[in-house]
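Engineer: From first to last, the protein sequence lines stand for chains A and B. For the first sequence, my numbering gives the first residue as 143, with consecutive numbering after it. For the second sequence, my numbering gives the first residue as 7, with consecutive numbering after it.
Keep in mind that the hints were calculated from the coordinates and are not lab data. For clarity, every value in this text was computed on a predicted model and none was experimentally measured. No residue lacks a Cβ here, since even glycine has one placed at the ideal position from N, Cα and C. Fair warning: there could be bad hints in the mix.
As the list claims (entries may be wrong) - Derived Cβ-Cβ restraints for the label pairs, each shown as a range:
1. A/411 x B/132: 30 to 36 Å
2. B/11 x A/199: 30 to 36 Å
3. A/167 x B/89: 55 to 61 Å
4. B/20 x A/442: 39 to 45 Å
5. A/250 x B/46: 33 to 39 Å
6. A/374 x B/144: 52 to 58 Å
7. B/65 x A/281: 49 to 55 Å
8. B/8 x A/362: 30 to 36 Å
9. A/361 x B/154: 37 to 43 Å
10. B/64 x A/193: 29 to 35 Å
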Amino acid sequence: MGEVIKGSRVRGQRVRKTEIKPDLSVNIAGIEMKNPVMTASGTFGYGIEYAPYIDLNRLGAIVLKGLSARPRKGNPPPRICETPSGMLNAIGLENIGAEAFIKEKLPLLRKYDTKIILNIFGDSIPEYVEVAEILDKVDGITGLEINISCPNVQKGGMVFGTDPVTASEVLTAVRNATSLPLIAKLSPNVTDITTFAKIAEDSGCNAVSLINTLLGMAVDIRTRRPMLANITGGLSGPAIKPVALRMVWQASKAVKIPVIGIGGIMTADDAIEFLLVGARAVQIGTANFVNPTATVDIIEGIEKYLTKNNLSDINQIIGRVVI
Amino acid sequence: MKAEILSHLNLTGPYYKLKLYSPHIYKNAMPGQFAMLRVGETSDPLLRRPFSIHKKNPDKTIEILYKIVGKGTRLLSTLVKGKDMDIIGPLGNGFVIDKKIKNHILIAGGIGIAPLLFLAHELSRDKRSRITLFLGARHKEDILCIQNFKRLKARINISTEDGSLGKQGLISELFEVSLADLNEQKIAVYSCGPNNMLREIHRLAAAKGLPCQVSLEARMGCGIGACLGCVVEGKEGYEKVCTDGPVFDAGEVEWGRL
């Protein structure tokens, strides 16, 4: 980024105003991003859905909908319901499968000047390994985010992400299956988030992202039935932000690898809170549904905050919460 | 996108009509498409609400006809003239109009009338079009837009469950009776309403071999095909109501699972 001269230089004599455009670039897990704003898996489709609304080139990175080795149908509807300042979802990890993604979606994404990070999951360790191997060394893929925390599929993520032994096993297995930068996406449905952040670090992951959704439930009192066909679902949105912020703060202190903050970020102010408690990047999720331009709005808001505070580099706020 | 609220009327009971100035939606909207409205500025309610486009006017305005059914629509009803509405649209796929067909049957249940008026206007641009409306609801207060359809010279059939207006019973029953003495082949059926009604309309139309399109409703997260929250079961797997629909060929829907 560096210095941008605003106003015109008249015959080399006069510079009206010099404004320093702050440097927003960050390096996460060896991935050079132009700014710390990423999309959260499952809220940004396969990326292309948002192209009519924002310039995808502006994003630090795009994290796409979770992929498994084979296509997955997902849960029966109703799959979502709104709750106070949040929403529950039980999509069930519906996706087209890694092979179809490479063939049908990735070519459309390659033309954008942003980093493509694929979120992956499986029902068993061999399936995690399989999807990682399919995506390894594919042109246009910058890194993998491993979902060990999705609460929606009975045989899926939850088991791995909330048990220290299986969490370690699956992360190590994926580590050995690919040379791509690895981000472990952690579940908040645990007693101590630092235990799992350390497991990710010890398993060779290059970063952790947190939090995934909190397991929740809602009931329609007229019909007395759960609002979701799956009965329970993952809570996201502003309602979970304080919990997410606390966990990001704890995790940042516990590990040396970068922490990516996720959870109810709707505005630049929210994102800055996460950066202050130690997140080196943030992911924007549910906000994309409410406001398709949320990511770009947040990038601009962070830039304004830095400029207003006479800061030239995003790193000057990361972890600088005053305790 | 911002669109100024030019008027916001309480029609009767829980029914409201919102008129917005939106040259973009006016220019691009097709009957059956919808828009996502932000009903408040705070985080509760959080998500946008989908509404079908009810009408377009030459002054580049669009109209949304809605019924208060919960927190979101109640809040929407409090927004006043002069304010800007945060709106995304037009979204989704509208009704497909087969130009070879001149005889159109529109069947609505309650507030399901909303997208069908826009459709009727579009159909009536072809002067040879004959439009027949079947409109059913619980009570006469739930019967809307009759004057609009009269102006389009539609043949109108009404039923109410309590018999307070038109024939007593379900609109699908009235439709079934009319099918008995129908011998014309080139007819298209378009329907919007509760799922149970649509299932019955599909069954009756399919038995006669009539093409039938239905506009479905679903809880939506994003409205643009990203969250996969609004799916319905189709013959070839889950279909997104927002971007695969909201208008579907009735034969594509797995009615037993709806």
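Engineer: Now, for every hint given, state plainly whether the structure supports it.
Structural biologist: Evaluation of the provided hints:
1. A C-beta distance of roughly 54 Å is found between residue 411 of chain A and residue 132 of chain B, which places it outside the suggested range of 30 to 36 Å.
2. As the Cβ distance of residue 11 of chain B to residue 199 of chain A is approximately 35 Å, the hint placing it in 30 to 36 Å holds.
3. With their beta carbons about 40 Å apart, residue 167 of chain A and residue 89 of chain B fall outside the hinted range of 55 to 61 Å.
4. At roughly 40 Å, the beta-carbon separation of residue 20 of chain B and residue 442 of chain A lies within the given 39 to 45 Å, and the hint holds.
5. For residue 250 of chain A paired with residue 46 of chain B, a C-beta distance near 35 Å keeps the hint of 33 to 39 Å intact.
6. A beta carbon spacing of about 34 Å between residue 374 of chain A and residue 144 of chain B contradicts the range 52 to 58 Å that was offered as a hint.
7. For residue 65 of chain B paired with residue 281 of chain A, a C-beta distance near 51 Å keeps the hint of 49 to 55 Å intact.
8. Separated by about 34 Å at the C-beta atoms, residue 8 of chain B and residue 362 of chain A satisfy the suggested range of 30 to 36 Å.
9. As the Cβ distance of residue 361 of chain A to residue 154 of chain B is approximately 40 Å, the hint placing it in 37 to 43 Å holds.
10. About 32 Å separates the C-beta atoms of residue 64 of chain B and residue 193 of chain A, a value consistent with the hinted range of 29 to 35 Å.
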